[in-house]
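Undergrad: Letter by letter, the chains look like this.
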Amino acid sequence: MKKHLLSIDDVSADDVATLFETAAEMHDVQRRQVKKLPALRGRTVINLFFEDSTRTRSSFEIAGKWLSADTINITGKGSSASKGESLRDTVLTIAAMGVDALVMRHAASGSALQVSQWVDAAVINAGDGTHEHPSQALLDAYTLQRRFGTDGRLGSLEGRHVVLVGDLTHSRVFRSNVLCLTKLGAQVSVVAPPTLMPSGVEPWSKELGFATSYDLDEVLPTADAVMMLRVQRERMSGGYFPSAREYTVGYGLTRDRLATLGPDVPICHPGPMNRGLEIAADAADAAQSLVLDQVSAGLAVRMSILYHLLAGEGSTS
Amino acid sequence: MTDQILVKGASLLGAASSDLLISDGVIAEIGSVSAPQARVIEADGLVALPGLVDLHTHLREPGREDAETILTGSQAAAVGGFTAVLAMANTSPVTDTAEAAERVHDLGRTAGLVDVQPVGAVTRGLGGQELAELGLMARSRAGVKVFSDDGRCVADARVMRRALEYVKGFGGVVSQHAQDPDLAGATSCCHEGELSGRLGLPGWPGVAEEVIVARDVMLARHTGSRVHVAHASTAGTVEVLRWAKGLGIEVTAEVTPHHLLLTTDLLSGYDPTYKVNPPLRPQEDVEALRTALADGTIDAVATDHAPHARHDKEHAFVDAAFGMLGLETALPVVATVMVESGLLDWAGVARVMSANPARIAGLGQHGHDIAVGSPANLTLVDPAATVTVDRDDSVSLSRNNPWHGRTLGAAVHATLLRGVPTVLEGKLV
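Protein chains in written order, with the numbering used here: chain A, 1 to 317; chain B, 1001 to 1429.
Treat the hints with caution; some may be incorrect.
Unchecked claim - Just a few of them, taken from the derived set where beta-carbon distance is under 10 Å, the chain A residues facing chain B:
(1) 53
(2) 114
(3) 169
(4) 171
(5) 218
(6) 219
(7) 222
(8) 273
(9) 275
Said to hold, decoys possible - What follows is a list of derived Cβ distance ranges for each label pair:
(10) B:1266 x A:17: 54 to 60 Å
(11) B:1129 x A:120: 45 to 51 Å
(12) B:1158 x A:237: 54 to 60 Å
As the list claims (entries may be wrong) - Beyond 10 Å from chain A on every Cβ pair, some chain B residues (computed):
(13) 1193
(14) 1194
(15) 1198
(16) 1203
(17) 1239
(18) 1311
(19) 1336
(20) 1389
(21) 1428
Just so you know, the hints here were simulated from the structure itself, not pulled from any lab data.
For every residue, glycine included, the Cβ atom is placed at its ideal position computed from N, Cα and C.
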């Protein structure tokens, strides 16, 4: 495994299998009364969050703590540029405290990659702008593999039709997921109105091998899994679509659409959900919804990521 | 017979070799010249060009003297073979008054390496709303003729119309940074296309430039004024320019060396060295710009030399400063892209890097043919040299050099301003 986790491009399909194998073991730990493992005792993990986050930050924090790492949160809103300090100075200052891993979230695409070139610590990208969110994609894939497996064993995504719907242009979850799911052999369709389809998606989708559509109802009948992505309400003021109502009619997982899905088709959402906008409450709370499974899987996968990047430092899988 | 210089055996614009005798700042004799008292510059194998003129530089003084000063910028210009540069108005304070323009002008004369000609702001404080004192700047000691809010587009059509009309009164020209702010906002930093989609960087679509260029040529036609398009970057802009020139509309345009060679894919590593405005474009645009420069649709090469302190580039990509160095590498890039490929000969280089920019900017002392009686503003180029650019070799105060590590053909050997060598053997005198 590479030193950093900046993009899904940094891990091979074999790496993902290794990560998931460990994640499954970590998952079992969650059910124990005493959840702490000594694996990362004496290691320091800093959660460096330049952008608001509750679930990802606390997930990484708990993951680090259950592995006995010293976990510290540093949050700072706004770019360092607005404070007159360069990003490089900010992260060098933090790295100088003797850090083993930096879990970083920043509003700017590419910032995690830049930081990895400046510091010695392992850098884990916990979301860089509208670029990537690799731990989210890994936990999504892991959640689906568990869902498709039997007897507690992980299933396969090979040939499974996974449909991603939402604000693709501004979604780092989409970018990491499309890389991860295609890597694992899934058949991927992405659906959005034309204004929220990333620019230049055609050559990209051909190269990577995923399908694009403006018509959710055309794609949904063959779905083996559906991932709804958050649509930020402020996109409306950007003129990306005329109204929440119109978006929901075109691209929401409504009660009507839920009824057309088979009962075994899992529904995922990275959260936070806009109930009533991209996902109806009935869909969010349906038996086939994996939304809360994603959260617990997130802990297991993040424990595995921290373990593989830190415990075996210097060795390769 | 004092102050005579004999340039021996230079190839004039790449054609026949000849000696040039320079006396009192003027070319006194051309041919086979014997002048025993003259100081000799051996120019065997070198190409003589009229001194280069840059329509578009940022010298950062006043305001950001940590990034560049008028002196260090002048040094970089001289090393690059330039004898005149236009200094953009987006300094702090902005060059939007006669006094500010005179200050830049005078600091340039004090440095004495190139003629520094200030560009005046079109609008007060680059605010885009009220016209700056264009006439007072024109009538000042600085004699401002080119006006630009560069870095910002004069987006308001009414303001642009008035500016175009008003500068007719004193033969001025507006140089437009064409960027519709609604289509490409302040954070837009990557050519909108496949790579911006993959990288998740805010897109800067070519159409944001093209709609402004199209609007402005129609305003130029309507007002009977002349407009200059700064740093044209797309094939669509080239089409509009070709169409407008075909109609006889008075429009001129420049292209930067970086838009002639560097492409969008360099942004894949999020290195802010390659962050520039307008952004680097795909190969199709680069090809269209080269063709347009060769066939005269684009009139001039201009560097958009934009020095930045290191810490202003050490931010996340979207937060980092726009711009890259260009003065010292402009001629080698043009030689590599245009001359080696046969798109331009050296006479063509003289046209797009000296004669045309001097004419556009109204610089009477620059851009002359190499002829008896012309001011001895000269650049001697070694066409056979190849140079691997090292950013630490630069005389600029800044290091945001996108050419670092690249090998370019041709090198500036000497630069003469009014007969006085500013650069010899590639080094500042």
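Undergrad: All hints, please: hold or fail.
TA: These are the hints, each one checked on the structure:
Taking 10 Å as the C-beta cut-off, the interface hint given for residue 53 (chain A) is violated, the closest approach to chain B being about 17 Å. Hint status for residue 114 (chain A): holds, given a least beta-carbon distance of 6 Å to chain B, under 10 Å. The criterion of a C-beta within 10 Å of any C-beta in chain B is met by residue 169 (chain A), whose closest approach is roughly 8 Å, and the hint holds. About 9 Å separates the beta-carbon of residue 171 (chain A) from the nearest beta-carbon of chain B, less than 10 Å, and the hint is met.
The beta carbon of residue 218 (chain A) is not positioned within 10 Å of any beta carbon in chain B (closest approach about 22 Å), and the interface hint is therefore violated. Interface restraint check for residue 219 (chain A): the shortest CB-CB distance to chain B comes to about 20 Å, outside 10 Å, so the restraint is violated. Using the Cβ-Cβ criterion of 10 Å, the hint placing residue 222 (chain A) at the interface with chain B is not satisfied: the shortest such distance is roughly 25 Å. With its C-beta approaching chain B no nearer than about 22 Å, residue 273 (chain A) sits outside the 10 Å limit, and its interface hint is violated.
The beta carbon of residue 275 (chain A) is not positioned within 10 Å of any beta carbon in chain B (closest approach about 26 Å), and the interface hint is therefore violated. Between residue 1266 (chain B) and residue 17 (chain A) the C-beta distance comes to about 34 Å, which lies outside the given range of 54 to 60 Å. For the pair residue 1129 (chain B) and residue 120 (chain A), the beta carbons lie near 50 Å from each other, so the given range of 45 to 51 Å is met. Distance hint for residue 1158 (chain B) and residue 237 (chain A): a CB-CB separation of about 26 Å, inconsistent with the stated range 54 to 60 Å.
Chain A draws residue 1193 (chain B) into its interface by the beta-carbon criterion, the shortest separation being 4 Å against a cut-off of 10 Å. A beta-carbon of chain A is positioned within 10 Å of the beta-carbon of residue 1194 (chain B); the least distance is around 3 Å. At roughly 6 Å from the closest C-beta of chain A, the C-beta of residue 1198 (chain B) falls inside 10 Å, breaking its exclusion from the interface. The Cβ of residue 1203 (chain B) does not lie farther than 10 Å from every Cβ of chain A; its closest approach is about 5 Å, which violates its non-interface assignment.
For residue 1239 (chain B), the non-interface assignment is confirmed: its Cβ lies about 21 Å from the closest Cβ of chain A, beyond the 10 Å cut-off. With a least CB separation of 4 Å from chain A, residue 1311 (chain B) falls inside the 10 Å interface cut-off, contrary to its annotation. Every CB of chain A lies more than 10 Å from the CB of residue 1336 (chain B), the least distance being 29 Å, so the non-interface label holds. No beta-carbon of chain A is positioned within 10 Å of the beta-carbon of residue 1389 (chain B); the least distance is around 21 Å.
Against chain A, the non-interface label of residue 1428 (chain B) holds: every CB pair exceeds 10 Å, the least being about 31 Å.
Taken one by one, the earlier hints fail for this structure at numbers 1, 5, 6, 7, 8, 9, 10, 12, 13, 14, 15, 16 and 18, listed in ascending order.
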